[in-house]
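**Q** Line by line, the protein sequences give chains A and B. Just so it is clear: in the first sequence, position 267 is 267 by my numbering, and no numbers are missing. Just so it is clear: in the second sequence, position 198 is 198 by my numbering, and no numbers are missing.
Certain hints may be false.
[Said to hold, decoys possible] Residues of chain A placed beyond 10 Å of chain B at every Cβ, according to the derived structure:
| # | residue |
| --- | --- |
| 1 | Asn-59 |
| 2 | Ala-91 |
| 3 | Leu-171 |
| 4 | Leu-198 |
| 5 | Asn-211 |
| 6 | Asp-223 |
[To be verified] In silico lysine-lysine, DSS-like type, Cα no more than 25 Å apart, as pairs:
| # | chain 1 | residue 1 | chain 2 | residue 2 |
| --- | --- | --- | --- | --- |
| 7 | A | Lys-134 | B | Lys-222 |
| 8 | A | Lys-104 | B | Lys-178 |
| 9 | B | Lys-222 | B | Lys-178 |
| 10 | B | Lys-298 | B | Lys-222 |
| 11 | B | Lys-222 | B | Lys-57 |
| 12 | B | Lys-113 | B | Lys-178 |
| 13 | B | Lys-178 | A | Lys-134 |
Everything labelled a hint here was simulated from the structure, so no lab data went into it. Each residue gets a CB set at the ideal place from its N, CA and C atoms; glycine is no exception.
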Amino acid sequence: MSKRYTSIEKTGITSRQLILILITAMAAVPGYLMVTGSLKTQEEFLNSPWSLPMNPNFNGYTAAWNDQFPTWFRNSLFVTLTAVLITIVMAASAAWGFAHWKWKGRDTVLGVLISLMVVPPVVLLIPLFTLGAKLGWISTFRMLILVYIGLMLPFSIYLLTNFFRAIPASLTEAAEIDGASDFRTFRSIVLPLSGPPLITLTIVNLLWAWNELLLALVFLQSDEQKTLMVGITGFQSRYSLSIPTIMAGMTIATLPLFIAYIFGQRYFITGLTAGSVKGE
Amino acid sequence: MIKSLQTEDRFTAPRNLGAVFGRLDKSGPLPWILPAAMCILLIFGYSIIDLVQQSFKYRGEWVGFENFSLVVTDPLFRTAISHNFLLLFAVPVLAVLSFMCAVLLFETRKGMKFYRSAVFLPYILPIPVIGVVFGQLLQLNGALNSALRAMGIENLALDWLGEPGQALWTMSGIIIWKEVGFGTILILARLISLPLETLEAARIDGAGFFRLHSKVTLPQLKPVILFYIINEAIVMVSWVFNYVYVMTNGQGGPGNATVVSELYIYRSAFQNKSPELAATAALLLLLATLIFIIGFFKIQKNANRGLFDE
Numbered sequence: 001m002s003k004r005y006t007s008i009e010k011t012g013i014t015s016r017q018l019i020l021i022l023i024t025a026m027a028a029v030p031g032y033l034m035v036t037g038s039l040k041t042q043e044e045f046l047n048s049p050w051s052l053p054m055n056p057n058f059n060g061y062t063a064a065w066n067d068q069f070p071t072w073f074r075n076s077l078f079v080t081l082t083a084v085l086i087t088i089v090m091a092a093s094a095a096w097g098f099a100h101w102k103w104k105g106r107d108t109v110l111g112v113l114i115s116l117m118v119v120p121p122v123v124l125l126i127p128l129f130t131l132g133a134k135l136g137w138i139s140t141f142r143m144l145i146l147v148y149i150g151l152m153l154p155f156s157i158y159l160l161t162n163f164f165r166a167i168p169a170s171l172t173e174a175a176e177i178d179g180a181s182d183f184r185t186f187r188s189i190v191l192p193l194s195g196p197p198l199i200t201l202t203i204v205n206l207l208w209a210w211n212e213l214l215l216a217l218v219f220l221q222s223d224e225q226k227t228l229m230v231g232i233t234g235f236q237s238r239y240s241l242s243i244p245t246i247m248a249g250m251t252i253a254t255l256p257l258f259i260a261y262i263f264g265q266r267y268f269i270t271g272l273t274a275g276s277v278k279g280e
Numbered sequence: 001m002i003k004s005l006q007t008e009d010r011f012t013a014p015r016n017l018g019a020v021f022g023r024l025d026k027s028g029p030l031p032w033i034l035p036a037a038m039c040i041l042l043i044f045g046y047s048i049i050d051l052v053q054q055s056f057k058y059r060g061e062w063v064g065f066e067n068f069s070l071v072v073t074d075p076l077f078r079t080a081i082s083h084n085f086l087l088l089f090a091v092p093v094l095a096v097l098s099f100m101c102a103v104l105l106f107e108t109r110k111g112m113k114f115y116r117s118a119v120f121l122p123y124i125l126p127i128p129v130i131g132v133v134f135g136q137l138l139q140l141n142g143a144l145n146s147a148l149r150a151m152g153i154e155n156l157a158l159d160w161l162g163e164p165g166q167a168l169w170t171m172s173g174i175i176i177w178k179e180v181g182f183g184t185i186l187i188l189a190r191l192i193s194l195p196l197e198t199l200e201a202a203r204i205d206g207a208g209f210f211r212l213h214s215k216v217t218l219p220q221l222k223p224v225i226l227f228y229i230i231n232e233a234i235v236m237v238s239w240v241f242n243y244v245y246v247m248t249n250g251q252g253g254p255g256n257a258t259v260v261s262e263l264y265i266y267r268s269a270f271q272n273k274s275p276e277l278a279a280t281a282a283l284l285l286l287l288a289t290l291i292f293i294i295g296f297f298k299i300q301k302n303a304n305r306g307l308f309d310e
């Protein structure tokens with residue numbers, strides 16, 4: 001291929017490659033400092049933050065893990081998985097209700113759903129906190145899970161409705177003519193076709209719930225209940241004298257996401273761009 | 001029923017019949033939608049109604065617009081709003097950077113997928129982690145400044161987060177660092193789906209790199225870039241709490257240099273114990289986002305396609 005380019009085009013290509021390498025480096029710098037920093041001693045880090053760890057040691061990891069990391073990790077895992085699972089079930093069911101039947105006001109309701117996607121959580125914080133206090137649900141996982149479900153539903157329903165509507169009507173109608181109930185049509189025709197959007201949605205929601213800070217901060221107040229994101233926020237000031245421990249903690253907190261990203265990149269990209277204007 | 005199926009348009013008939021004759025072994029959409037609807041009504045519907053009520057009350061007593069006048073005359077609230085407003089300056093920067101990154105990636109054959117993953121990576125990282133790591137990186141004697149000093153540009157080694165006049169701009173730089181990947185991917189996806197013929201025709205006519213992309217590509221990308229701009233404007237106005245909270249230990253410091261509206265609401269409610277003021281500020285914030293939502297719908301209309309015209 002390269003033979004066909006003129007020399008001017010070649011310089012263009014090389015300079016563009018250089019810019020891209022520079023951009024990549026900028027994107028990677030914090031990650032680099034985090035991972036290398038986690039393997040150094042405090043002294044090494046302060047003297048030469050940019051160097052590779054010459055004698056990598058895992059003291060930072062031991063210290064971080066011996067703190068409350070395992071508890072926070074478990075809490076995050078529990079809250080995130082429960083909330084996402086329930087959200088997906090409720091959203092799939094509702095999306096089928098939107099896609100399969102034409103009813104009055106449906107498009108209006110869908111329009112409202114879309115606008116709910118951009119309502120900032122901080123707006124709902126005070127009423128929900130008052131509600132939680134009335135119910136005696138502050139510092140319970142169920143309150144946070146309920147709030148997460150509510151916040152994830154609009155986007156989830158929107159995405160799945162879009163997908164379900166693209167399923168050819170002939171498929172579902174054939175099943176109905178054969179006498180299948182709505183539930184059967186949904187379960188044996190629609191769901192088996194919906195693998196990719198369901199995976200996409202699961203990943204996007206997991207990412208959101210795992211990374212959420214504000215609500216977790218407000219609704220879970222005891223130390224044993226903290227989620228990972230709340231935990232690491234306080235972790236920083238507690239270990240201000242041991243940067244390697246902080247960096248190790250951050251690495252642990254990022255690792256699950258990073259692994260998921262490496263393997264499921266396609267789903268991250270489709271999911272996170274799916275909310276945009278039609279025609280991507 | 002079967003007869004009507006055969007005579008009517010088969011693509012709409014069963015759905016209409018399903019709705020009209022819901023009792024005929026068909027439940028209709030309601031039970032399918034109900035659980036989600038209840039949850040959304042509770043989390044959004046109840047909350048927004050309660051929010052409006054709380055913002056007109058003080059300790060349960062109706063006080064009219066008193067909370068509003070207290071909030072809008074509160075210097076801290078004004079400071080917070082002005083900071084959100086300043087953060088909006090990051091939006092055009094984001095749009096330009098994303099467009100340039102997307103075009104670069106589009107023009108790259110070798111290693112495009114690798115670069116794309118790298119550019120997108122910051123967008124998936126948790127903000128608390130980003131905040132903590134950047135917090136370390138940007139210390140007065142942190143990694144960035146030691147690199148700048150080593151390169152001999154001592155003058156650029158600022159107190160990035162400690163200097164009140166500087167902290168907000170540093171913050172917006174970090175937000176840009178994270179959000180640019182989103183725009184790049186969004187624009188790139190649209191770019192790939194553009195018809196190749198026009199691009200090729202322009203290339204054959206001798207349009208160079210810059211002419212080609214400013215005159216041919218850019219106009220076609222307008223809807224997606226507009227979408228991105230609105231999306232990021234919403235981020236700057238109402239989704240920056242995490243950055244500020246993590247990097248300033250919840251204080252919005254130094255001084256009040258990085259207090260934003262969300263932090264004002266959080267602090268009013270949970271640190272200063274005045275939930276009415278917090279509720280009022282939250283309502284004002286909701287109204288502000290509403291303006292952007294309307295823009296959002298306008299774009300969708302202008303995109304010449306309905307929501308579901310696949």
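**Q** Okay, which hints does this one fail, numbers in order?
**A** Violated hints (numbers, rising): 2, 5, 7, 8, 11 and 13; every other hint is consistent with the structure.
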